[in-house]
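Novice: One line per chain: the protein sequences are A and B, in this order.
Numbering of the first sequence is given in this note's numbering, commencing with residue 288 and proceeding in unit increments.
Numbering of the second sequence is given in this note's numbering, commencing with residue 100 and proceeding in unit increments.
Honestly, the hints are just simulated from the structure, not real lab data.
None of the values given here were measured: they were computed from a predicted structure.
Each hint should be verified, as a subset may be incorrect.
Stated by the list, open to error - Taking lysine to aspartate or glutamate and the DMTMM-like style, the derived pairs with C-alpha atoms no more than 25 Å apart in a straight line are: (1) A/Lys350 x B/Glu167; (2) A/Lys417 x A/Glu394; (3) A/Lys357 x B/Glu157; (4) A/Lys346 x B/Glu167; (5) B/Lys152 x A/Asp407; (6) A/Lys408 x B/Glu157; (7) A/Lys351 x B/Glu167.
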Amino acid sequence: MSDASLSGGNILRITLNGLMINLGFSVTAGIIWMILIAVRKGLWYYFAKLLFQTTIHEKEESKKAEYLVKGTRIYDKFLRRTINLEINNSKRIYSKILSDPDLNKNESMQLISDSFESKDKYEPIKSLSKILNIKNNATFLVDESIGKKIKDMAIFFATVIPVAVTVIQLLLQQQ
Amino acid sequence: MLVVIPFSLTVVAPAISSLSPIVVSNLIGFPYWFSYIYLISISSLVYAFYPFKFSIIERRGIPNLLIEQSCIKKILYVEVPILIALISFFSLTSLVSYYNYNNYYSIQLTGYIMK
Chain A
288 MSDASLSGGN ILRITLNGLM INLGFSVTAG IIWMILIAVR KGLWYYFAKL
338 LFQTTIHEKE ESKKAEYLVK GTRIYDKFLR RTINLEINNS KRIYSKILSD
388 PDLNKNESMQ LISDSFESKD KYEPIKSLSK ILNIKNNATF LVDESIGKKI
438 KDMAIFFATV IPVAVTVIQL LLQQQ
Chain B
100 MLVVIPFSLT VVAPAISSLS PIVVSNLIGF PYWFSYIYLI SISSLVYAFY
150 PFKFSIIERR GIPNLLIEQS CIKKILYVEV PILIALISFF SLTSLVSYYN
200 YNNYYSIQLT GYIMK
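If we strip away everything but chain B, and leave its shape as in the complex, we get (with noise of 0.2 Å):
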C-alpha cells in the first residue's frame, strides 16, 4: 500500500490526464486535474491508523506484524531519502527563480531609474 498507491498514482495520474484533459486548474500551462488524484494517497493514512486499536492488530496477528514492521522499515529507507531528494530540488528550483525574479525586477528597476 505505502509503495503501490504512491508510485502508480504518480505514473497513472499524467497518463488518465493527457487522455481526458479535463482542465479544473493549469499548473504552468498544464490541465492540472489529475492534481485531484493524488489525494488517492491520502487513503495510505488509514493504514496508518490500524495498530491503533490492539484487537485490530491481534486480529492480523503477531506474525504478520512482524513481517509488516520488517517491509516498513525497508520501505521507509527508500522513500525517505528520495523525499528529501525531491523537497531539496522544489526547494533549490524555486530558490532559484525566486533570485531570477528579483534580479529580473532589479535590472528593470535599475534601467527605470537610469533613465
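Chain A on its own, in the form it takes in the complex (with noise of 0.2 Å):
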C-alpha cells in the first residue's frame, strides 16, 4: 500500500470526514423532503383524514387517543395553511372526546371520519364543531395567531439555519 502513513488517527479523521460528507448528504436530502412535505398545504388534509380514519378501526385505547390528538391538530395546521384561520382552543375537542361521560367517544370519532368523506374539506370542521356544541360558531374559527406563526417558522428555521451556516462555515474555511 504506497508510502501511506496508516496511523489510527489518519484512518480516524478520514473516516470522520466520510461521515461528515455522507451525512451531510443525507441530511440536506431529509430537510429538501421536509420542505416539499410542508409546502403541499392539501397533504395535511390527507393526512388529518387517514388518521382520523385509523382511529375507528385502532382497538387500543391509547393509540386511538394518539392518532385524535394528532389528527385534530394536523388539520387544525391544514386550515392555518390554508384559510389563515386555526380552531379556537383545539385542545377542547380532544379533551372533550376523550373525558366527556355524556359523549360517546366511538360514535363521535365516526362523526368525523364520515365528514371527511365529504368532497367538501372543509366539511370537518361542522361535526367538530357540532361535538364542541358550540353555540356561537362565529368564535369557532378565529384568526391565526401569531404565536403559532413564530413557532411553525421557528422549527423550520432552527433546523435549516445552523445546517446551511455550518456547511457554508466549512466550504469558506476548505477554500
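From the two separate chains plus the hints, produce the assembled complex.
Specialist: What follows is the structure, encoded as C-alpha cells:
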C-alpha cells in the first residue's frame, strides 16, 4: 500500500471526514424532503383524514387517543395553512371527546371520520363544532395567532439555519 | 436510504480502500481513491425530490408518506446533531492547526529577525 502512513489518527480523521460528507448529503436530502412535504398544503388534510379513519379501526384505546389528538392538530394546521384561520382552542375538542362521560367517544370519532368523506375539505369543521356543542359558531374559527406562526417558522429555521451556516462555514474554510 | 447509505459507506469505503489501494490522490499520505465512493451518497438527493410530483405521492400512498415523515423526523433529530458536532470538530481542528501554522512561522520569522 504505497507509502501511506496508516496511523490510527489519520484513519479516524478520514473516516470522520467521510461520515461528515455522507451525513451532509443525507441531512440535506431529509430537509429538502420535509420542505417539499410542508409546501404541499393539501397533504395535511389527507394526513388528518387518514388519522381520523385509523381511530375507528384501531382497537387499542391509547393509540386511538393518540391518533385523535394528532389528527385534530394536523387538521388545525391545514386550516391555518390554507385559510389562515385556526380552531379556537383545539385542545377542547380532543379533551371533550376523551373525557366527557356523556359523549360517546366512538360515535364522535365516526362522525368526524364520515365528515372527511365529503368532497368539501372544510366539512369536518362543522362536525367538530357540533361535537363541542358551541352555541356561537362565529367564535369557533379565529384568526391564526402570531405565536403559532412564529412557532411553525421557528421549527423550520431552527433546523435549516444551523446546518446551512455550518456547511457554508466549512466550505469557506476549505477554500 | 438516509441512514444505510451514509453509515455503510463510511465503514465500507476505508475497508475497500485498504483492500485495493488504487492511489488517485493522497490525503495526509493516505490513498484517497475511496473519496469517490462517497459520491454515491449524492444518490440520496434523488430520494429527496420524489414528493415534487403529487402523482408519485399518490402512487406510494398517503399512509406510507405519514410513516416516512415520522421516520425522517427521527432520523434528522439524530443526524443533524452528529453533523453539527462533526463540522464543529473539523472547524476547531482546522482552527487549531491554522493557529499552530502561524505560530510556527512567526517563531521562525522572529528567530530570523533576531539573527
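Novice: If a hint holds in the structure, say so; if it does not, say that too.
Specialist: Each hint, compared with the structure:
Taken as a hint, the A/Lys350 and B/Glu167 pair is honoured in the structure, with Cα atoms around 18 Å apart against an allowance of 25 Å. Note on A/Lys417 and A/Glu394: the hinted pairing holds, with a Cα-Cα distance of about 12 Å set against a maximum of 25 Å. Proposed proximity of A/Lys357 and B/Glu157 is supported: the alpha carbons are some 21 Å apart, at most 25 Å. Between A/Lys346 and B/Glu167 the alpha-carbon distance is near 23 Å, which keeps this suggested pair within the 25 Å criterion.
Restraint check for B/Lys152 and A/Asp407: the C-alpha separation of about 23 Å stays at or below 25 Å, so the hint holds. Restraint check for A/Lys408 and B/Glu157: satisfied, since their Cα atoms lie roughly 18 Å apart, inside the 25 Å limit. Between A/Lys351 and B/Glu167, the direct Cα distance comes to roughly 20 Å. Compliance with the 25 Å bound is thereby established for this hinted pair.
Violated hints are absent here; each numbered hint is respected by the structure.
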